[in-house]
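Student: Sequence:
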Amino acid sequence: MNILVPVSWLREYLKTDVAAKTVASFLTASGPSVERIEKNGEDQVFDVEVTTNRPDAYSIYGMAREANAILVANGQKSQLIEPAGINQSLEPDTKNKLILDVSVDKKLCPRFTAIIIDNVKIGPSPALIKNRLEACGIRPINNIVDITNYIMLELGQPMHAFDYDKIKGSKMTLRESKEGESVRTLDGTNRKLPKGTIVIQDAEKLIDLCGIMGGENSAISTRTKRVILFAQSYDQIRVRKTTQVLAFRTDAAARFEKGIDLEGILKALKKSVALAKKNAGAKIASELIDIYAKPKLPIKITLSAQKLNNYLGIELPIEKAAKILTLLGFEVKTTAQNLTATPPSYRVADVELPEDLIEEVARVYGYHSLPSKLPSGEIPSSTGSILENVIAVKKALKFLGLTEIISYSIISKELLALTQIPEKDAVELSNPLSTEWQFMRPTIVPSLLQVVAQNQNLRSNLKLFEIAKTYLPAEASAKAGEKVTDGLPKQNLKVAFVLQNSSFEKIKGLVENLFEIIKREPKFEKFQGQNPLSENSQFAIIKCTNQTVGGVGVLKQSVADALGIEGSTFIAEIDLTTCYQLPATNSSYKSIPKFPPVIEDISAIFDEKQTASEIITEVKRAGEPLVKNIEIVDIFRGDKIGKGKKSVTLRLTYQEKDGTPKQEEVTRFRGIITGHLESYLKAQVRK
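Count the sequence shown with this note's numbering and you get residues -8 to 678, in order.
Since the hints were made in silico from the structure, they are not lab data. Fair warning: this is a prediction, and the values are worked out from it, not measured in the lab. In this text, a Cβ means the ideal position worked out from N, Cα and C, and glycines have one as well. Hints are supplied without guarantee of correctness; some may be wrong.
Unchecked claim - Pairs of lysine-lysine residues, derived as DSS-like cross-links and limited to a Cα-Cα distance of at most 27 Å, are as follows:
| # | residue 1 | residue 2 |
| --- | --- | --- |
| 1 | K274 | K121 |
| 2 | K162 | K86 |
| 3 | K517 | K497 |
| 4 | K611 | K497 |
| 5 | K68 | K314 |
| 6 | K619 | K673 |
| 7 | K385 | K510 |
| 8 | K86 | K121 |
| 9 | K481 | K232 |
Claimed, not checked - Distance ranges between label pairs, derived from CB positions:
| # | residue 1 | residue 2 | range |
| --- | --- | --- | --- |
| 10 | I282 | M(-8) | 26 to 32 Å |
| 11 | E496 | S451 | 15 to 21 Å |
| 12 | S582 | S367 | 27 to 33 Å |
| 13 | N577 | N44 | 44 to 50 Å |
| 14 | T85 | K291 | 26 to 32 Å |
All chains, full assembly: derive it from the sequences and hints.
Tutor: Below is the structure:
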C-alpha cells in the first residue's frame, strides 16, 4: 500500500534539520520505501510504499515515529513530538447529558469507543486541514467529516461521524448482517450485503457498513447540530471478505483489514474531539463509551546475543541492539548475554519471535553495513523445481523463434463459450468486475487467439506461446476420477502455442522440440471425437506413457471467424504439471560422427489416412541401422495425386561410424525401404 506524506506535516512531529531527500534516503534504506518525491506548491510530498505487515506506518505520525528511530540510530539529530490533542479530557461540558444505547458483538469489534458532541456548527475546515487532505488525495467536505479523514491520515485510525438526530431511538447495535439485507452508502450506491458482514443498525434501519463506508441515512449535513464521533476496530478477516465480495474498497477498509492499534483508538477519539471543539465550536454532550472486549497483553520476547550475531554475521554489542529496539518503541531489558523486549501496542501483531527482533535490529543498523559472505559447507543436491524447468522451457522456446505473452487468467463468457466447456464446469468469480472478466480460464488457447486477433493487423505470422496455470473446479476434477482433498480448483500448469499462417508440420515439430526439452517421449494419435477449437481431421492428441497430456491441430474456421482471425492458424496445448509427474527419458550421449552422411529424398503416394508418425515409424524400422534421421519435407495433395491420396517426400540421412556410406549400401537400403512401404503401407513409390 502506498501513502502520501506531506513533508511539512511530517516535520510537525519529526523535529530535525536533516534535508527531506536525506530523510527519504534513510527511510528507503531501513524502513518504508520512498518511491518518489513530488512538489506540491512550496511543500514536498513523499510517495511511500508501506509493506502489508506494517500498518503502524500507514499514517503521518507512524512515518515520523519510524523516521525518528532510523535517524537517531544512524547518528542524526532528531526528536519525536507527540501529536497535540491525544490527551484531551473527555469529561462532559454539560449536565444535560445525551444518551446512546450501544450493543456490540465483541467477536466482530475488539474495541468500540464513541462520544456525542453538541453545539456543532457545520462549515468549511481551516485552510491547513483542507490543504493537507488535498495533498494526500482526499477531497475536503466539511469541518466534521474532514476531521475523521484527518485523524485517519495523521494517526492511522479510521473514524466515522453520525448525525445523532438521525439515529432512531438513540440506539446503535453492531452485529452481523442477515441474508438479503442492503444499505445505501455515502457514495449513493445501494449495496446488497453478503451474510456475515459487520453492520450497525439503529432502532429501525442499517446505518453503517462497518469498516468500509457509512450509511447515507445517517450522514452529516449542513443542518447537523449533534454528532456521534466514534473510533473502533473490527475483525480484519470479515472486513477483507466483504470488500472482496462487494468489489468495493476504501482507505478505511485498507487499514482495518491490516489491523488497528487497540491502544491508539482512544487517543484518536480524543484528538478528534479536540479538533471538533477548535474548528466547529463543539461541546462534549455525553459520557465516553468505551467497550473493550479483551485487551491484548504484551508479550516478552527473549533474544540471545549469540543468536543475534549468528544471524547478522557480525559481533554487535547487545547494548547496541537494545538501543535500536528502544528507539523503535520497545521496552527492553538486558543482561550480559540476552535481551528481553516487549513490543509496543502498535507492533504486537507484527513482532512475535526472536527472529522478528533480529530483523528490526538488522534493518535499522543497515543491511548495507552487514558483511557479504558466501555460504560455507557442502552444496545441497537438488533435482530441480518446476520453476527451474519452466525457465529452461521459456529460454528454449524463445530461441525457437516464439514470442512469450502474459495474458489475464480471467476470461469472458464469450471466450469460455468457444471452448464449449459448460459454465457449471468452469470456475466463475463471485464478484466479477465486468462481463469481460467473469471466469478463470480452463485453457490458455482462447487467450492466445484473442491476442492474435488484436495484433494481426501488425503482423500476419505471429508465433506466440504462454506458460500459465489453468483452472477447473474441484467438482469437475472429481467427475474425471481425480482425487480431491481440499475442495480448491484444480490448477495445472500448461504451455500453449499459436502459429499464424504456418503449417501442421511446423507446430508438431515445435511440440516435439518441447518434449525434448522436458525429457519426455511424446506419441501422437488421431483424435476420436469432436474438438471445439480444432478441425477433427487435423487434430492429434498427445500422449506420454499412455496418458493424454495435450493436443495439437489447426484452428476451426468457425472459431477463427468468431474472433476475426484471418488465414490458417495452428494451436497446441500441453499439460506440464502432468508431464512432470511422469517418468523422464534417460539422457544418452553419442560422439559426433567424424564422416559426412549421404542424404537423399524418397517420394511416395500414400493413403490420406496414413499418419506421418506411422510412415516415419515404418521407414525407421526398414532402414535400421543405416538410416539415422528421417524428415518429412513436403506433403502434396491434388487432383494429379488422386482423391483420398497424398504425396509425401521423405528426407533420409544415411550415416556410419567408420566412414561415409558407400553408394551400393545406400542403394540396397533404399530398395529395402521402398519395398517395405509398397508391401506394408500399399504406397506407390515415385521414381
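Student: Has the given pair, K68 with K314, been kept, meaning a C-alpha gap of at most 27 Å?
Tutor: 15 Å, holds
Student: Does the Cβ pair T85, K291 satisfy 26 to 32 Å?
Tutor: At 45 Å between Cβs, range violated.
Student: With the threshold set at 27 Å, check whether the alpha-carbon distance from K611 to K497 stays at or below it.
Tutor: 21 Å, holds
Student: Do S582 and S367 keep their Cβ atoms within the hinted range of 27 to 33 Å?
Tutor: 39 Å, violated
Student: Assess, step by step, whether the Cα of K619 is no farther than 27 Å from the Cα of K673, and give holds or violated.
Tutor: Holds: K619 and K673 sit about 24 Å apart, inside 27 Å.
Student: Within 27 Å, alpha carbon to alpha carbon, are K517 and K497?
Tutor: Holds, at about 17 Å.
Student: Honestly, do N577 and N44 meet the 44 to 50 Å range at C-beta?
Tutor: Given range 44 to 50 Å: holds, Cβ gap about 47 Å.
Student: Given the hinted pair K385 and K510, is their Cα-Cα distance within 27 Å?
Tutor: Holds - the C-alpha atoms of K510 and K385 are around 15 Å apart, at most 27 Å.
Student: Quick one, are K86 and K121 close enough, alpha carbons at most 27 Å?
Tutor: Violated. K86 to K121 sits at ~34 Å, over the 27 Å cutoff.
Student: Using the C-beta atoms of I282 and M(-8), is the stated range 26 to 32 Å upheld?
Tutor: Holds, since I282 and M(-8) (Cβ atoms, about 28 Å apart) stay within the stated range.
Student: Between K162 and K86, is the straight-line Cα distance small enough, at 27 Å or below?
Tutor: 21 Å, holds
Student: K274 and K121 were given as a pair; does the straight-line alpha-carbon distance stay at or below 27 Å?
Tutor: This hinted pair holds, its Cα atoms lying about 23 Å apart.
Of the numbered hints given earlier, the model fails hints 8, 12, 14; all others are met.
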